[in-house]
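> Residue 62 in the UniProt record's numbering sits at position 62 of the sequence shown, with consecutive numbering throughout.
Among the hints, a few may not be true.
[To be verified] List of simulated lysine-lysine pairs, BS3-like, C-alpha gap at most 27 Å:
1) Lys99 to Lys118
2) Lys125 to Lys99
3) Lys99 to Lys131
4) Lys118 to Lys58
5) Lys131 to Lys118
6) Lys58 to Lys99
7) Lys58 to Lys131
8) Lys58 to Lys125
[Claimed, not checked] Derived CB-CB ranges, DEER-like:
9) Gln72 to Tyr9: 31 to 39 Å
10) Ser110 to Ile88: 16 to 24 Å
11) Leu2 to Ile129: 48 to 56 Å
12) Leu2 to Asn90: 46 to 54 Å
13) Ile71 to Met1: 46 to 54 Å
14) Gln72 to Leu2: 43 to 51 Å
None of these hints come from the bench; they were simulated from the model. Heads up, the beta-carbon is just placed ideally off N, CA and C, and yes, glycines get one too.
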Amino acid sequence: MLRIYFMLYLLIFVDMTLAADPFDKNQRSLSITAHSTIDVDNEKININCSKIKRNIAKTVNFNDLNLIGVIQYTDYLEALFISESQDIFNVRVGETIGKELFVLDSITLSEIQLQIWKGDECGNKELLIVKL
Numbered sequence: 001m002l003r004i005y006f007m008l009y010l011l012i013f014v015d016m017t018l019a020a021d022p023f024d025k026n027q028r029s030l031s032i033t034a035h036s037t038i039d040v041d042n043e044k045i046n047i048n049c050s051k052i053k054r055n056i057a058k059t060v061n062f063n064d065l066n067l068i069g070v071i072q073y074t075d076y077l078e079a080l081f082i083s084e085s086q087d088i089f090n091v092r093v094g095e096t097i098g099k100e101l102f103v104l105d106s107i108t109l110s111e112i113q114l115q116i117w118k119g120d121e122c123g124n125k126e127l128l129i130v131k132l
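Given these sequences and hints, build the entire structure.
Following this line, the structure appears as structure tokens:
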């Protein structure tokens with residue numbers, strides 16, 4: 001009987017260690033819905049295309065920020081980012097983040113969508129999806 005309990009115990013805890021960790025940055029996926037990759041250092045960014053409500057982490061490159069979670073309030077959501085220097089930033093829809101001025105387009109509990117305006121024309125934008 002003790003052997004059965006021990007095997008059941010092992011099966012339960014082995015299964016728990018194989019579960020997906022939402023805070024493991026190696027398990028997160030980053031996808032770009034446009035045809036080209038986003039290389040903001042080599043491309044011109046047009047900041048006149050959108051009205052900037054508030055620029056969050058304006059001295060930090062977006063590549064140095066990690067999405068760590070989403071907070072759900074009664075009427076809105078906020079995304080939480082952490083920098084390499086362990087600073088935490090909360091961003092709402094419509095606000096910009098980073099030196100590259102990514103505009104937070106939408107937030108769900110499983111992903112956030114960011115957009116960036118490229119080139120001289122305001123119709124040229126790319127959408128970046130970051131999943132938790």
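> In ascending order, which of the hints set out earlier in this document are inconsistent with the structure?
Every hint satisfied by this model.
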